[in-house]
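Fit chain W to the supplied structure of chain R, relying on the hints for placement.
Line by line, the protein sequences are chains R and W. When you line the first sequence up against this note's numbering, it's residues 1 to 172, in that order. When you line the second sequence up against this note's numbering, it's residues 173 to 358, in that order.
You may find that some hints are simply not true.
Stated by the list, open to error - Cβ pair distances, simulated, as ranges:
| id | chain 1 | residue 1 | chain 2 | residue 2 | range |
| --- | --- | --- | --- | --- | --- |
| 1 | W | P178 | R | A162 | 41 to 51 Å |
| 2 | R | L101 | W | P178 | 18 to 28 Å |
| 3 | W | L350 | R | L137 | 41 to 51 Å |
| 4 | W | L336 | R | E35 | 19 to 29 Å |
As the list claims (entries may be wrong) - Here are the simulated BS3-like pairs of lysine-lysine, each with C-alpha atoms no more than 27 Å apart in a straight line:
| id | chain 1 | residue 1 | chain 2 | residue 2 |
| --- | --- | --- | --- | --- |
| 5 | W | K179 | R | K154 |
| 6 | W | K192 | W | K179 |
| 7 | W | K179 | W | K214 |
| 8 | W | K214 | W | K192 |
| 9 | W | K355 | R | K108 |
| 10 | W | K183 | R | K154 |
| 11 | W | K214 | W | K183 |
| 12 | W | K192 | R | K154 |
| 13 | R | K108 | W | K179 |
| 14 | W | K214 | R | K154 |
| 15 | R | K154 | W | K355 |
What the hints assert, rightly or not - Short derived list, chain W residues pointing at chain R, Cβ under 8 Å:
| id | residue |
| --- | --- |
| 16 | P178 |
| 17 | G182 |
| 18 | A191 |
| 19 | G200 |
| 20 | E223 |
| 21 | G237 |
| 22 | N238 |
| 23 | V241 |
| 24 | P264 |
| 25 | L265 |
| 26 | A292 |
| 27 | M298 |
| 28 | M306 |
| 29 | P314 |
| 30 | L316 |
Hint data in this document are derived by calculation from the structure and do not stem from the laboratory. Even glycine gets a Cβ: it sits at the ideal position worked out from N, Cα and C.
The lines below spell out each chain.
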Amino acid sequence: MTLLLQILLAFGTLSLLAIGGANAVLPEMHRLVVEVHGWMDDATFSQLFALAQAAPGPNILAASVMGWHIAGGAGMAMATIGMLLPAAILAYGMQGLTHRLRGNTWLKPAQFGLVPLAVGLIAGSGVIMAQAAGTNLLSFVIIAVSTIFVWRTKYSPLWVLAGGGALGLLLL
Amino acid sequence: MAEAEPKIPGKLELFLGYAKIGLLGFGGVGPWSRHVIVEERKWLSERDYAEVLGLGQILPGPNVGNASVMIGRRFHGLAGSLIATSGLYIGPLCILILLSVLYDQFGTRPGVAPFMQGVAAAAAGMVIGTAIKMGQNLRPPPELILVGLLAVAGAAFLRLPLPLIVVVLAPLGIFLSLRRSWKRAP
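Extracted from the complex, chain R is given alone in its bound form (with noise of 0.2 Å):
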């Protein structure tokens, strides 16, 4: 079997089990990148993965970093419709079974059932990232101010990474 396919397949294998997304399956893609296929070793597994996660967009997309690590930029394609595709189909016949049962009194109130777990998750990973970024008191008060600015006003987000970035580099 060809490297790519390989890729393909490890990705597309992970991109199923990706419930709760990036981070939920990152111990899978450890175990599949470094201890099966021997791709890379540890240290440059997490700091790809930090790499990925200091850039803009879905977390998910470590795995392209991982790809192009592996093979340059066929092995990044590979992972990252490995990594998407399979989710996507998923995705697209969810919505198109929702649209079917839209007549159903009870598809709202089901659909309903789901938003606490996913506003909880969100929550959820909001506190593991606030616990890997509070080292210390400086960082404990941007939390903070940026929590009660992005809960409280609907200013655009960007003011408060921008104003973190600065205060950590004039502070930290």
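Here is chain W on its own, set in the frame of chain R:
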């Protein structure tokens, strides 16, 4: 809650909106997705958006990515799904290619680490603030708030595997929500 009538985006606007979500999505795209779709461009109401996101959450893959497929299909069919999804990923992918190329050359420049530390802290606050805001706007009944708090506890404090949290709390949330609607309309 009084809400403006949602505005259906054209194909170009769908692409540009999602390109913005992808490119601005430092520290995760979740808060930006909501900001652009609900607050800035008003394509969906808070509740509609949260429902799409909830479905995106129980499916594998990133919930915002799944939402882009579903929202794209809702407005413009298969073309809409492709437009929204490519808009979401194309900008970040270009930046990641650039970063991957630069990665080996510029490892640890002074100033980069503290700046990124500050951004990471602000991003954490941004995600928490978004969750509080959504919860406040959606006004779920008490038993659903409890489900939400269980999700926070399971993910952030107990560090349970996410598939486990979803398998337990998704049916529970659906059951509680359906029970309430049956009680209201016999």
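Verification of the hints:
no. : hint                         : in the structure
1   : W:P178 to R:A162: 41 to 51 Å : 30 Å, violated
2   : R:L101 to W:P178: 18 to 28 Å : 20 Å, holds
3   : W:L350 to R:L137: 41 to 51 Å : 46 Å, holds
4   : W:L336 to R:E35: 19 to 29 Å  : 22 Å, holds
5   : W:K179 to R:K154             : 19 Å, holds
6   : W:K192 to W:K179             : 18 Å, holds
7   : W:K179 to W:K214             : 6 Å, holds
8   : W:K214 to W:K192             : 15 Å, holds
9   : W:K355 to R:K108             : 15 Å, holds
10  : W:K183 to R:K154             : 26 Å, holds
11  : W:K214 to W:K183             : 15 Å, holds
12  : W:K192 to R:K154             : 17 Å, holds
13  : R:K108 to W:K179             : 21 Å, holds
14  : W:K214 to R:K154             : 13 Å, holds
15  : R:K154 to W:K355             : 36 Å, violated
16  : P178                         : 16 Å, violated
17  : G182                         : 19 Å, violated
18  : A191                         : 11 Å, violated
19  : G200                         : 6 Å, holds
20  : E223                         : 4 Å, holds
21  : G237                         : 6 Å, holds
22  : N238                         : 4 Å, holds
23  : V241                         : 4 Å, holds
24  : P264                         : 2 Å, holds
25  : L265                         : 6 Å, holds
26  : A292                         : 4 Å, holds
27  : M298                         : 5 Å, holds
28  : M306                         : 5 Å, holds
29  : P314                         : 11 Å, violated
30  : L316                         : 5 Å, holds
Comparing the model with each numbered hint stated earlier shows that hints 1, 15, 16, 17, 18, 29 do not hold.
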